[in-house]
Amino acid sequence: MLDYSAGAIYHEVRRRRDLRIKEVKGDLHQSTISHLEHDQSDMTLRTMVKILRPTFMSAEEFCRLIDNGSETSTAIFKQIAHYYDSTDLAGLYDLLASYKEQNILATPNKMVILMIQSCIDELSQHETLFSKEDCDFVQDYLLRPGRWFSFEYIVFANLAFSMPAKINLRISKKMFHAYQQFHLPSYDELIVNALYNLSISFLEQDDPSSAIQFLSFLDLKKLDHHVLYMRHHVTFLKLIIQFKLNPLDVKNANELRTFLEATKLIDDVLFEKNIDWIRSLKINPKTILK
3 MLDYSAGAIY
13 HEVRRRRDLR
23 IKEVKGDLHQ
33 STISHLEHDQ
43 SDMTLRTMVK
53 ILRPTFMSAE
63 EFCRLIDNGS
73 ETSTAIFKQI
83 AHYYDSTDLA
93 GLYDLLASYK
103 EQNILATPNK
113 MVILMIQSCI
123 DELSQHETLF
133 SKEDCDFVQD
143 YLLRPGRWFS
153 FEYIVFANLA
163 FSMPAKINLR
173 ISKKMFHAYQ
183 QFHLPSYDEL
193 IVNALYNLSI
203 SFLEQDDPSS
213 AIQFLSFLDL
223 KKLDHHVLYM
233 RHHVTFLKLI
243 IQFKLNPLDV
253 KNANELRTFL
263 EATKLIDDVL
273 FEKNIDWIRS
283 LKINPKTILK
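Using my numbering, read the sequence shown as starting at 3 and increasing by one per residue.
Quick caveat, the hints were computed from the structure, so don't treat them as lab data. Positions of the beta carbon are idealized from the N, C-alpha and C atoms, including for glycine.
Pairs of lysine to aspartate or glutamate residues, derived as DMTMM-like cross-links and limited to a Cα-Cα distance of at most 25 Å, are as follows:
| # | residue 1 | residue 2 |
| --- | --- | --- |
| 1 | Lys24 | Glu63 |
| 2 | Lys112 | Asp96 |
| 3 | Lys168 | Asp221 |
| 4 | Lys102 | Glu135 |
| 5 | Lys27 | Asp69 |
| 6 | Lys292 | Asp270 |
So the derived label-pair ranges between C-beta atoms look like this:
| # | residue 1 | residue 2 | range |
| --- | --- | --- | --- |
| 7 | Asn111 | Asp278 | 25 to 33 Å |
| 8 | Lys175 | Leu291 | 34 to 42 Å |
| 9 | Gln127 | Asn105 | 24 to 32 Å |
| 10 | Asn105 | Arg233 | 39 to 47 Å |
| 11 | Arg48 | Ile106 | 24 to 32 Å |
Let's have the full structure, built from the sequences with the hints guiding it.
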């Protein structure tokens, strides 16, 4: 049976990389590393990061190895995204029920419940915003003084659809300030997602001017080049806003039609999603695809 203790895993990685203790210890004593590998002493986070550096293993990978077999706390976000992208309402309802059964009333858990509910409302085409109580709960949390980490960006990006424009504007100012004050490189994609969802939210609340303003802040260079799915959505949104602002402009209509025709050649399902959303904006797709 494999030993998933921190010390045993570090020992395995060090040996796998052909590294001697003296090559990883830095300013630590050799006996410190030896004790760690034999689980005779605890490892502080600072020590872990320091001795992992020579192995070229990330702290994230190391922690996942230690916690092998356990579902990570962020796995719920992938589950939500999977059910939402596949328009699986039953899956979202089951996820919501199982999450509520845990009866954990901590703030992060409440936020996750609201995220699932927001996805259900959108897929059910229930164009309802959160209650005042829920909106106050979300904005009180996100406007609280302090730094934003990944969870805060994920929460805002997912709940923007369910909150009125004035609250989204207020929180977005906080988000920009938090991002400018501090962010890790991994937050870049998260703020792109948030800005994209904010643009959609304003467009659906019949405010294309604000939608285009938020899109102007969106920097696609912050996305990895392989994230083509998101790039497709952003381009589609820009074309839709241009068309909605000036539906009689032939150039706008032609660009949007060309884009949709190309999408249909590549992915029928994505094309149908685009068409459904165009209809939800009270635009007849036939006026574009004629």
